[in-house]
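With chain A fixed as given, assemble chain B onto it according to the hints.
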Amino acid sequence: MGELRAGFHGDLEEIRDAIVRLGATVIDLIPRVTAVLLEQDLEGAEYVILGDADVDTRATSIEERALSLLALQAPVAGDLRQVATALKISSEMERSADLCCNICKAARRIYGHELDPKLRGIIQKLSDQAQAEYRQALDAYAAVDAVRAAALPDIDSFLDDLHRQFIQQILESHAAGSIDLQVAVQLALVGRFYERLGDHSVNLANKVCYIATGWLPEHESRRSTEAADSNER
Amino acid sequence: MPVGINELVDQLRTAIVQIDPSGRIVLRNSAAERLRSSHSGYLIEEAIERQLERALAGTDSEETLEFFGPPKQVVVVHTSPLPGGGAVALADDISERRRLDAMRTDFVANISHELKTPVGAMAVLADALLGEDDQETTQRLIGRMVFEAERAARTIDDLLQLTEIELGTEIATIPLDAVSLMQAAAERVRHSARERSVEVHLSESAEPTTVVGEPRQLASAIGNLVENAVKYSEEGGRVDLSISDDGDSVAFTVSDEGVGIPQREIERIFERFYRVDKARSRGTGGTGLGLAIVRHVATNHGGSVEVMSVEGEGSTFVLRIPNSQPVDPPEDASRAEQEVQTT
Chain A
1 MGELRAGFHG DLEEIRDAIV RLGATVIDLI PRVTAVLLEQ DLEGAEYVIL GDADVDTRAT
61 SIEERALSLL ALQAPVAGDL RQVATALKIS SEMERSADLC CNICKAARRI YGHELDPKLR
121 GIIQKLSDQA QAEYRQALDA YAAVDAVRAA ALPDIDSFLD DLHRQFIQQI LESHAAGSID
181 LQVAVQLALV GRFYERLGDH SVNLANKVCY IATGWLPEHE SRRSTEAADS NER
Chain B
1 MPVGINELVD QLRTAIVQID PSGRIVLRNS AAERLRSSHS GYLIEEAIER QLERALAGTD
61 SEETLEFFGP PKQVVVVHTS PLPGGGAVAL ADDISERRRL DAMRTDFVAN ISHELKTPVG
121 AMAVLADALL GEDDQETTQR LIGRMVFEAE RAARTIDDLL QLTEIELGTE IATIPLDAVS
181 LMQAAAERVR HSARERSVEV HLSESAEPTT VVGEPRQLAS AIGNLVENAV KYSEEGGRVD
241 LSISDDGDSV AFTVSDEGVG IPQREIERIF ERFYRVDKAR SRGTGGTGLG LAIVRHVATN
301 HGGSVEVMSV EGEGSTFVLR IPNSQPVDPP EDASRAEQEV QTT
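Protein sequences, first through last, are from chains A and B.
Heads up: the first sequence is residues 1 to 233, going by the numbering used here.
Heads up: the second sequence is residues 1 to 343, going by the numbering used here.
Pulled out of the complex, with its shape left as it was, chain A reads as follows (with noise of 0.2 Å):
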């Protein structure tokens, strides 16, 4: 039984390593999305968007074995929630993925539009501040840090102030005639994939609260709609 065991907990070992694996590949995606965007790469965007199956398939395989662990060893407790957020994290990494494809798209789209250096500037900030928070995010998960997790809502509110400047900056750039109305639009979709990978790391801070704690931010509001609920009963 004690080998039993050990097995799962080397198998639990092995899906952790996938996802922080996976997740270190969306680090390593950020700033090259950027590259990709700021140097109006073509060949780079393809490279990314051929990759995306690659990372499908990487998600795909931590959910099966979540599963498999689930089915087979019946965990409980912290394990249990570590086997129920795998299959939870593995999706939000896929989805960070995606996101760097779009902003590749995007690329694409814009491609031969000069961006003024104010927006480019920004476009910069909002990589940084996103890679910050994904490794921040990672690094809690990695190391099972619900206190370094904990942080992260408040980190992301700079990305949140980041993507209002960048919106706000948009605006004043196609006014002053500097880029045309379809590139405006396409920047605005840009900020929002940044902002989206803010969020994803949010949520993975949140899993890994969830791991050492058993403790969601989604218990708070459920708790408080029970206690309105009864109130007016």
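FYI, nobody ran anything at the bench for these hints, they're computed from the structure.
Be careful, since some hints might not be right.
If we take Cβ atoms under 7 Å as the criterion, some of the chain A residues that face chain B in the derived model are [what the hints assert, rightly or not]: (1) Val20; (2) Arg32; (3) Ala188.
The C-beta atom is built at its ideal place from N, Cα and C for all residues, glycine as well.
Below, chain B without anything else, positioned relative to chain A:
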């Protein structure tokens, strides 16, 4: 006492992982253990595992991994089957080698461009002059020839100056008034700044500060920083100059509100002839050697040069000259590049 093979292997920077025929890890040196301390390390580890599987099947393989970082990193993972069964993987970080290769290749291409372009232009202009009778056209062509000749002369002058600074000879340091050095640099760009409505502002708080250095080299380095700040400022922009002394070193800070430098270019701007925006920087009349001179002056004085820049917001360069300086300048100029700190 002789050192064991495992201790020796642990001293290597190359990550080494050895597996037995069943795929079990039998050796993982310290460099391989350290892979788990960075996100790129996780991906290198993944590549090692992938390659080792192939090596177990009997094939040598090599994979080059390029990470965007920061910092940018290039790693080669090489795996081979072992004669007695099992396989070994070696992961080498070749980032510095790649950087130096790129620097060398670009330097050769850029120097030939910088010197051949004005010479080629003069040849074409001289050829056009040969069959030209019209006085006005002749004057115009001669004017262009003078311009191209001056451009080539400027490049050669800067190259000679850079070579002299690189050699580290004639560095006789004396105490100098830092504020006067900054004021002289501001004075030199006064005309071009006025032409472009760029305000050059020397901080009021710049109190008398003494810096120990070689006068000509420091004047050249500070002059280059101030000149660049004006060149790359938008019309109506502002350049701020300030001096501070923290007791250990004197810092000359030059900030502009110009176009800024793309993050990916920052690590290369101190290379000779490296230009971020080739069309724009050639148009400003620079030789592409200014920042290389600044870097070498900093090194000769045992100091450093730092840059902080955001596109669209501007750049800040800080030249630090220590108050106590080494007697001899560093011998290896390439080390200077590592001292250049970027943020």
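Exercise. Given A:Ala188 as an interface hint, is the shortest Cβ-Cβ distance to chain B below 7 Å?
Worked result: Violated: closest Cβ of chain B sits about 17 Å from A:Ala188, beyond 7 Å.
Exercise. Do the numbers back the hint for A:Val20, that is, is its least Cβ distance to chain B under 7 Å?
Worked result: holds, 5 Å
Problem set entry | Hint check: 7 Å Cβ-Cβ cutoff, A:Arg32 to chain B | holds, 5 Å
Taken one by one, the earlier hints fail for this structure only at number 3.
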